[in-house]
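With the hints as extra help, turn the sequences into a complete structure.
To convert, note that position 535 of the sequence shown is 536 in this note's numbering; the numbers rise steadily by one, no gaps.
Rather than coming from a laboratory, the hints here were simulated on the basis of the structure.
Below 25 Å or equal to it, Euclidean Cα-Cα: the simulated SDA-like pairs (lysine to any residue) are: (1) Lys-332 / Pro-296; (2) Lys-147 / Asp-45; (3) Lys-270 / Lys-344; (4) Lys-408 / Ser-517; (5) Lys-279 / Asp-293.
Estimated spans, in silico, between C-beta atoms of each pair: (6) Ala-421 / Gly-548: 17 to 27 Å; (7) Leu-531 / Lys-382: 25 to 35 Å; (8) Val-458 / Gln-432: 15 to 25 Å; (9) Leu-244 / Asp-375: 30 to 40 Å; (10) Lys-279 / Gln-432: 44 to 54 Å; (11) Ala-421 / Lys-514: 18 to 28 Å.
Just so you know, even glycine gets a beta-carbon here, dropped at the ideal spot from N, CA and C.
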Amino acid sequence: MSDNAKMEKGQISIHTENIFPIIKKWLYSEKEIFLRELVSNAVDAIHKLQHINLIEGLQLADEYAIDITVDKDAGTLTIKDNGIGMTGDEVRKYINQVAFSSAEEFVEKFKDLEDKNQIIGHFGLGFYSSFMVADRVEIFTRSYQKDAPAVHWVCQGSTDYSLEECDKEARGTEVVLHLTDDEKEFLEPAHIREILKRFCNFLPVPIRLAGDVVNDRNPLWTRSASEVKDEDYLEFYKKLYPLADDPLFWIHLNIDYPFNLKGVLYFPKLTTEFDVAKSHIKLFCNQVFVSDNCPELIPEFLNPLQGCLDAPDLPLNVSRSYLQNEPQVRKIREVISSRVASKIADLAKGDRESFIPVWDNIHTFVKYGMMRDDKFNDKLKDHLIFRMAGKDAYTTLPEYLERAAEKHADKVFYTNNEAAQSTYLKLFANQGMDVLVLDSLIDSHFIQFLEMKDSKVTFQRVDSDLTENLIEEDSKIQLAGKDERKERSELLRKAFEDSLKVDGLSVRVESFKDDSVPGMVILSEQTRRLQEMTKMMGKGDEDMFGGHTLCLNAKSPVVDTILDLKEQGNDDDAAMLMEQIYDLSMLPHCAFDKDRMAAFLERSNRILCKFGTLG
Numbered sequence: 002m003s004d005n006a007k008m009e010k011g012q013i014s015i016h017t018e019n020i021f022p023i024i025k026k027w028l029y030s031e032k033e034i035f036l037r038e039l040v041s042n043a044v045d046a047i048h049k050l051q052h053i054n055l056i057e058g059l060q061l062a063d064e065y066a067i068d069i070t071v072d073k074d075a076g077t078l079t080i081k082d083n084g085i086g087m088t089g090d091e092v093r094k095y096i097n098q099v100a101f102s103s104a105e106e107f108v109e110k111f112k113d114l115e116d117k118n119q120i121i122g123h124f125g126l127g128f129y130s131s132f133m134v135a136d137r138v139e140i141f142t143r144s145y146q147k148d149a150p151a152v153h154w155v156c157q158g159s160t161d162y163s164l165e166e167c168d169k170e171a172r173g174t175e176v177v178l179h180l181t182d183d184e185k186e187f188l189e190p191a192h193i194r195e196i197l198k199r200f201c202n203f204l205p206v207p208i209r210l211a212g213d214v215v216n217d218r219n220p221l222w223t224r225s226a227s228e229v230k231d232e233d234y235l236e237f238y239k240k241l242y243p244l245a246d247d248p249l250f251w252i253h254l255n256i257d258y259p260f261n262l263k264g265v266l267y268f269p270k271l272t273t274e275f276d277v278a279k280s281h282i283k284l285f286c287n288q289v290f291v292s293d294n295c296p297e298l299i300p301e302f303l304n305p306l307q308g309c310l311d312a313p314d315l316p317l318n319v320s321r322s323y324l325q326n327e328p329q330v331r332k333i334r335e336v337i338s339s340r341v342a343s344k345i346a347d348l349a350k351g352d353r354e355s356f357i358p359v360w361d362n363i364h365t366f367v368k369y370g371m372m373r374d375d376k377f378n379d380k381l382k383d384h385l386i387f388r389m390a391g392k393d394a395y396t397t398l399p400e401y402l403e404r405a406a407e408k409h410a411d412k413v414f415y416t417n418n419e420a421a422q423s424t425y426l427k428l429f430a431n432q433g434m435d436v437l438v439l440d441s442l443i444d445s446h447f448i449q450f451l452e453m454k455d456s457k458v459t460f461q462r463v464d465s466d467l468t469e470n471l472i473e474e475d476s477k478i479q480l481a482g483k484d485e486r487k488e489r490s491e492l493l494r495k496a497f498e499d500s501l502k503v504d505g506l507s508v509r510v511e512s513f514k515d516d517s518v519p520g521m522v523i524l525s526e527q528t529r530r531l532q533e534m535t536k537m538m539g540k541g542d543e544d545m546f547g548g549h550t551l552c553l554n555a556k557s558p559v560v561d562t563i564l565d566l567k568e569q570g571n572d573d574d575a576a577m578l579m580e581q582i583y584d585l586s587m588l589p590h591c592a593f594d595k596d597r598m599a600a601f602l603e604r605s606n607r608i609l610c611k612f613g614t615l616g
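Next comes the structure, spelled out in C-alpha cells:
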C-alpha cells in the first residue's frame, strides 16, 4: 500500500440497520446458499473479463478458475477468482450501496415470507448473504484496469465499513469470510464439496477445492443433440440419479425463441417408491442451480419427468409466486408438453415391441395428459396402444376400428377384468372378435373422454349386452315351429323368474352362437356407468345390481335340460340347476359373501354327485 494512501471509513447506504438481522435470522435455515451466491458472483466476474478481453483484445492468457480454501486455524473460508476485479470506486458502487429503496417497506413486505431463499438476490443482497455465516467479511480486489490500485474492504456485520488500498498483486477478487462460532461446519472440506456439488456442479468455470476441480463445466444440455450419443445421455442420468434404473426415454431441449431454454428431460422407470406427486426437475439459471422443486415448470401430468432445465431468462432466485404468474413459465410448460408428446408419438411409430414396455410405464400419465391438454391429445390420439385380451399383441384405436368395420363399425368392445369376464371373452374369441383391455383406474374416465372426442365411437364392456355378433338371428331351440320355440322360451323365462325371486332381475332367452355358456348376466353400459359414478360419489347403493338381466342360452344343453326336468316333475333338480346357472353368471360381477359362497359350493358338490353318476 502506498505511503500516502488513507483508510476510508463510512456506512453502507441502506437507510436502515435492519438488513443484517434480516439476513442472519430469516435465511438461517438455508444458509448454504451463501456459497452459491459468492461463487456465482465470481463466475460473473470471469465472464465480464472474458467479454472485455474479446472486445478489446487484451490478449489475456490466464487459465480462469475459482479457488475455494478453508483455514481451520484462522476460522476463514475464502472464495477467490481471477476475473475482472474492482476499483475502489466500483467497490463503493457495487458493495457499499445496497441497491434497494425504502428498506422499511422491504422489511414489512418480507417479514412473513415462507420461502426465505426468495430474499437472496433481491435488491442486490447476493453478496450480503455471506453474513448468514460470518461476523466479519473482507474483500481483497484488484481491477484488470492498468495502474488501478488494489483495495481492501472490511465489514463487521453492521452498516459500518472500511476501505483502503492494499498490496494484492494478482487481478481478481478474494472474499474472506470469518465464520461465526456456530458455523464452523463450513470449515470442513467435505461439507463444502457437497454444497458445491449441489449448487455449482455445472458452472462453466473450473471450481477448485484443495486444488481439485469439483464441477462438470460442460453439462450435457450445453451441447448440441447431434453430438450426443445414447451412452452419454445414460451416463449423465447416472450422475444425476446414481441409484436409478435406466430411463425409458429422454428429450434434449435447445430453444432460443421465443425464450431461452436448454435441458435434458428423462422419463424414469416407475417404482412403488417413486413419488409421482412431487416435482423431480432440477432448475438452473446459466448453469447455476436454483431449485429441485419447481412444479410450475412442468405440466402436472408429466410430474414423473426427471432431469435438468436451464432457463437463463428466469431470475436466479426465482420465487414460487413468480413462477405461478410469469407468462413465460406457461410457455415453457407448453413447449415441454409438446416435445414429450412428439417423442412418445415417434416411439409409438417405431418398433412396437420396443415401445410396449415404455407404454406400460407411461400410459396412465399419457391418458391423463390427453384429458387435460387438447394439444397433447391431438398429437397422441392415433398413437396410443391397447393390449388385446387373450393375445400377446397391441393395437391402436384406428387399427382396431378398421379391422372391426364390417362386424361392428364404430363399436369398441373392452374388458376391465380378464379373469372375471373370461366367459364373455371366450364368446368373443370364438367369433374372431378382438376385445381391448382397459383395466387401469383411469380407464373408466378415459373411455368417456374418447367417446366425447369422437361421438361416432362407443365403448361397450363385454358383459354389458349380447351383441348381434354373438347370437343367432333367430332362436334355434330344436323344435319344429316358430310358435313352439317362442312358447318354450317363454316357459324358460318364467321358470327362472319364479324360481330365483331376485329383485330387479329380468330374464330373456337368446340362442348364442356358442353352446358352451348356459347364461350370462348383463347390465347395460350406460346403466353400469351411472351406478359406478354414483357409487364413487358415495351416494350409491351397495348392491350394484339392483336392475340386471339374466340372458339364457337356448342352445345350451344344460338350459334345455331344465324344462325336461320340470316336465318330468323333478322341480327340485330344476331349481338347483337354475340357481347354479344364475350364480355362475353372477360370479364375474360381484364378490359373494360368506353365506352365498358356502351355498354355491355346497350346491356345486350336489350337482357333481347327482349328475356325475348319470349315464
